[in-house]
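S.K.: Here is what each chain is made of, one letter per residue.
4 protein chains.
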Amino acid sequence: MTTAMGVPVVWPSKTPDRAKILSGVFEGQTTGTPIAIVIENEDQRSKDYGDIAQRFRPGHADYTYIAKFGLRDHRGGGRASARETAMRVAAGAIARKLLDQVLPAPVTIRGALVQMGPHRIDRDRCDWETVEDNPFWCPDATAAEAWGPYLDGVRKAGSSVGAVSEVVAEGVPAGLGEAIYDKLDADLAKAMMSINAVKGVEIGAGFEAAALTGEQNADELRRGSEGEVVFTSNKAGGVLGGYSTGQPVVVRFAVKPTSSILTPRKTLTTAGEETEVVTKGRHDPCVGIRAVPVGEAMMAIVLADHALRHRGQIGSFFSGKLG
Amino acid sequence: MTTAMGVPVVWPSKTPDRAKILSGVFEGQTTGTPIAIVIENEDQRSKDYGDIAQRFRPGHADYTYIAKFGLRDHRGGGRASARETAMRVAAGAIARKLLDQVLPAPVTIRGALVQMGPHRIDRDRCDWETVEDNPFWCPDATAAEAWGPYLDGVRKAGSSVGAVSEVVAEGVPAGLGEAIYDKLDADLAKAMMSINAVKGVEIGAGFEAAALTGEQNADELRRGSEGEVVFTSNKAGGVLGGYSTGQPVVVRFAVKPTSSILTPRKTLTTAGEETEVVTKGRHDPCVGIRAVPVGEAMMAIVLADHALRHRGQIGSFFSGKLG
Amino acid sequence: MTTAMGVPVVWPSKTPDRAKILSGVFEGQTTGTPIAIVIENEDQRSKDYGDIAQRFRPGHADYTYIAKFGLRDHRGGGRASARETAMRVAAGAIARKLLDQVLPAPVTIRGALVQMGPHRIDRDRCDWETVEDNPFWCPDATAAEAWGPYLDGVRKAGSSVGAVSEVVAEGVPAGLGEAIYDKLDADLAKAMMSINAVKGVEIGAGFEAAALTGEQNADELRRGSEGEVVFTSNKAGGVLGGYSTGQPVVVRFAVKPTSSILTPRKTLTTAGEETEVVTKGRHDPCVGIRAVPVGEAMMAIVLADHALRHRGQIGSFFSGKLG
Amino acid sequence: MTTAMGVPVVWPSKTPDRAKILSGVFEGQTTGTPIAIVIENEDQRSKDYGDIAQRFRPGHADYTYIAKFGLRDHRGGGRASARETAMRVAAGAIARKLLDQVLPAPVTIRGALVQMGPHRIDRDRCDWETVEDNPFWCPDATAAEAWGPYLDGVRKAGSSVGAVSEVVAEGVPAGLGEAIYDKLDADLAKAMMSINAVKGVEIGAGFEAAALTGEQNADELRRGSEGEVVFTSNKAGGVLGGYSTGQPVVVRFAVKPTSSILTPRKTLTTAGEETEVVTKGRHDPCVGIRAVPVGEAMMAIVLADHALRHRGQIGSFFSGKLG
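Residue numbers (this note's numbering), protein chains in the order written: chain A, 1 to 323; chain P, 1001 to 1323; chain B, 2001 to 2323; chain R, 3001 to 3323.
Isolated chain A, as found in the complex (with noise of 0.2 Å):
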C-alpha cells in the first residue's frame, strides 16, 4: 500500500533516508485525505546507550523528559531528537507544492546562514546563488571561505557553537494571517521555536527595531508603476498587525550551539548522583546548518497553513492593488 513518492530529505548521512508515503497519495495525486509519511531509521545499529540512559546531558531534554514522565527513551534523544525534524522537511516540500496550487502567484522560500558562532555575514555581499555553493547555506562567499576552517577548528577542539539562520518567503500576497490569537508573526514565531535547540526568533528588524525611532521604523507606501502598492523599506519583514503585507516575509532564528561536545561535563545521575558525562558518537559542531532546510520547511507549512484558512475566509487573494 504505501506508495514511494521520493520527496528528497535533507538530513545528510551515509544511506540517504527515503520518506516512505502510507497514506493520501493515489496515482500520483493527492487525494485530499491525510498524508502519513514514515522516514525509517536506516541506521538502526545496536548501539551502547548504556552510559546515557544512566546520566543526564546537559543542554539536551533528558532530565526534562525524567521530571515530565518518569521515564524516558534514551536511544538518540528519543522524542527530541533532532532526526524528528526529518519530516518537516518532507512535510514542507508538501506545503510548498499546495502554496503553488492555492496562491494566485509562485511564492519563493529560501534560508540562509547569517551568522556561525560570532562571526555574521556581510549583507553588501549576498547574493542567493551563493547559498548553493557552499555546505553552510553562506550567502556570502567570503565569509563562507573564512568558516570552513573555523568550523573544522571548532569541531578538532570537540566542542561546538552556535548560528543564526534567516528564511525569506517572496511572493505572500498581503492580507494572510489572523488577528489577535493567530497572527502569522505569532506562528512563525512558534514554528521556528519548536524546531530543536531554537533559542530566539524575530521578524524583520527584530530586536534592532528596539534601537530604532518611529521614523526609522515606519515603512512607507508607495504607488508602483503598475498602480501596485509598494513600500520604501521592509522594517515589519512582512507583517503588520498579524496580517502579512505583501513584501518579503523575514524571519530570523538563532540556534544554540550543539549540546553534544567531547569536553566532560558536570551532571547528575538518573539516580541524583553527581558525576559527568561526555557525548560521543555523531559528532556535528554546528547544528545551525542543518536547521536552515527546516526553517525553510516552518515557513512553508505556516503559509500554507494560512493560506488554506484565508481561503476559506475570504474566498480569493487580495491583487496588491488598491482603488
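Just so you know, the hints here were simulated from the structure itself, not pulled from any lab data.
Each computed DSSO-like pair below joins lysine-lysine, with the alpha-carbon atoms no more than 30 Å apart:
1. Lys2321(B) to Lys3266(R)
2. Lys2020(B) to Lys1020(P)
3. Lys266(A) to Lys1321(P)
4. Lys1280(P) to Lys321(A)
5. Lys321(A) to Lys1266(P)
6. Lys1321(P) to Lys280(A)
7. Lys1321(P) to Lys3097(R)
8. Lys2266(B) to Lys3321(R)
9. Lys2321(B) to Lys3280(R)
10. Lys3321(R) to Lys2280(B)
11. Lys2097(B) to Lys321(A)
12. Lys2321(B) to Lys97(A)
13. Lys3321(R) to Lys1097(P)
14. Lys20(A) to Lys3020(R)
Guided by the hints, dock chains P, B and R onto chain A, whose structure is given.
M.R.: Chains P, B and R in isolation, oriented as in the chain A frame:
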C-alpha cells in the same frame, strides 16, 4: 447579572478601566465555566477619525486589514488597537490565581524593561524592587534616572522609540510542556509575538547563544543541599526540549517604536493615491513600557495552560528531587 | 460601542430579548473579526431560589455540576439553563447570512416538530407552510389541532412531555464534510445532541435503517433533465461517508420532557439528605417546541463551518454535474 | 524501531491483523508521547477494481468523494473503507488501559447487538455473558438462535440488513464532561455517528424519551447504604447537562444495511452515464455486528479524553458521596 470583580487593569488613562465579569463567577468564586470579561471604552468620544479612515498609517495594520477584508473599523485601530491588551492583563490576573491553586508551590512572575531605545540596563545594578520605583518598570535605578529626560526628548520631538522587555517566572516545576507541537518555549514565543508591536522573542541566552560554544552554553547539573536538582547556570532560560527545567523561565521580547508619530510619513489613500499622514491624538512615545505587564500576563496565561494540561496528562507535578 | 443589529431572537417572554453586538460589526457590515453578542437577562428579578439551591432537581444538571465543580450557580440552572440557546439562535442567524454569501446557490433551512409526546405527524398531510400557522411548528394541520388540547391537559396536570424535531437543509452542494474525524453527520450529531434536553439524533432513515434491507436502503443515482445527478430516494439523509450528497440534509432529534414539573419528586439535598422537590416558576410543558429554531440554528452553524472549510480546502463547490 | 505490542484487533479475516506500534512505547511502557500504530493490509491482492472505479456504488461514498475532491482512491472504498475502524479498536484498547490508570475505580465497557434487521432482543432474557457465546454479540440467547438462520437467508439472497448496537460503560465517576461545547453526550454522539454506516445515536431513553412524561423520565435520587448517591432509574443514560451522573453511560446506535449487495442497483458512471452496478467480493450481510467492538472502542476513547480533561480541570474525581 454582571459582577464587578474589580480586577485592576493596567491601562493608564484618566478614567480607570473596570473589568466587568459577565459569566463564570458566582458569589466570589469561579464556577468552572468560561469567564467572560468586558472592558467598556469609557473614553469614547465622537472623535474625528476621518483623516485616518481614508489613509494608511505606516507601521499600523490599516493597510493589511484592507488587504484582508476589504473594509476596516478605523476607530482607534479597530481590532488591531493595543487597547485589546487590557483584556490580556485581566486574563493574566486570573491565570495567576489559577497557578496558585494548581501548582504545589507559588510561582512569581515579574517583568521589567531592560532596554529603551538604544539604552540598556546594567545587569550588575538590577533588582526587582527598583522596578516598582519608576514609571518605566526599569530594574536599574541609574538607568531609570537617565531614561526620564531621554524619553521626554523623544516625546517633545514628536518621535518614538522601541524597547526590550524581560519577563521571569520563578517557581515553575520541571516538566511543564510538550514535545514538538506545543513546546513550552514555542507557546511562549507565540504568546509574546502576538502582543501588539512585538518583533522578536528570545528564551534564556537567546540570540547570544549563537555566539557561544557548547561548553559555555551547557547548564551543568548538581545536587543541592536538600537533594534537589540545581543548575550552575541558566543559559536555557528554564526550558529544554520544550519542557520546563525547574529553573526560572526567562523570556525577552523586542517592541518596535510607536508607529503613531507627529512627523509626516509618505503613504497612500485607500483609493491608492499618494499622500502623507501624521498621527495625532494621544502620544505615547514608547509603547514598550506598557507591554511589560502584558508580557507578564501572557507568561501567566501560557503557564496556566500548561499547568492544567500537565495535571491532566500526569496527575501530579515533579518534586525536583531524583532517586 | 455596542451596535444593536436587532437579530430577532426566538425566545418567547414578555420583554422581547435583544441581541447586542459588542464587536465584529461596523457600519452595518461584519468586519471579519469575531462577533461577540450579549443578550442581557431583562427578566432578572430577585427571585427566591433558596429551595432549589439546596436540593437537586431530577433531570436537571444540578447534581452533576456539584459533582464536577463542588459548587454551582443555581439561578435559573446557571450555565445549564436552556436560556443559553438564545445565543445559538443569534449565531444561527449570522450563519445563514454567511451561507448565502459563501455558497453558489441559496440554502433553505427549515425545522418542524414531527412528534409531541406519543403523537406523531402523518407525513402525507405535511407541508412547510403549515409550520408557521400553529404555535408548535407542526407541519401537519390535523395533528396541530389535536396537539393544542393535548398540551393544555399536560400543562394543567403540572406534567410535561417530550418531542421529536426534524430539520431539513435544502440546497447544500455535494462534497461538504470530512472523512473520519469531522464527518458532516458526526458534526451534526454533536451539534444537535449538545442542545439542552436532546437525547437522540438521527440522519435520514436513522434508526429505521436498522430494519431495512440493502436494496431498500440504496439511494439509486440517475441523470436529471439538465445533466445533474439525482437520487431516487434519500435514505441517507443527504450524507454519505461523511460528505453531503447534494440531497436535502435531514436530521431528527428527540427532546426529553421538561424536567421542571409540579409533581413532587424524590431527591437529595446538597448535604446528601433524602427529601423531595417541586419545580415551580415558569412552566413550559414541552421544551421540544422551543428546540425547533435552535435545531435550525445548529444546522446553519454546522453547514457554515463546513462551507468555509470546504472553500479553504478546495476553493470551489461541486456543480452537481458529472463528466 | 517498530515494536509489536500485539494489541488484539477485532477484524475477522483469514490472516489475523497485527497492529504495529511505530512510536510512543519503549520497553513495554508508553513514553507519554504519541502512539502511532500501523495495520498493514495483509490481504492486498491485485484485485480487479476496474468496474467499481468507473461507477458509483449506491450507499457508498464513491460519489461524494468525487464531488469533494474530483478524484478518489477506489480500492476497497479508499479512506471511506470500514477497514479504517480497525485502528479505532486498537486506539480503544489503549484508551481502556489509560482509564484504568487515571480513574479511581475500574470502568467496564461492554457492547451488544440489540437488534438485527427488524428483530429485537427481549430485555428480560439478556445477560452480558451470553454476548460472548454467539457470533452476533447478542445478549439474548433465544434471539441469537433465531438470528443465525435469519442472517444465512439474507446472505444467500445476496442481500443485507441493518442493526442496532448498545454500548454501556459502568464505573464512570460523576462529573466527567463539559458544558455547552463538548458535552459528554455530544461527544459520544459525534464519536458513534463517525463510525461507518451509523445513521442514528441515542443516550439513555433516547427517542423513547419523546413519548414519556416528565414524571416517567425523572431519575430520582436516593441515599445508598454507604451514603453514596443512587438513582432509582437511568432514563438519562448516565449524562445530565453534558456531565456524567455516575450511573452507567448507555449509548445505542443504528447501523444501516451493508451497501455492498449482489442485487443490481441503478447508478451513474463517473462520466455521468446511467448504468447499473453489482458489488461482488467479500459479502458481509450485517456490518452492524462488526460495529459492536468499534462502538466499545469509541466509548473508551471519549471517556479517556474526558477523564484526562477532568483531571486537568479539577485535579481529582468525585467520590459519589455528598456532604
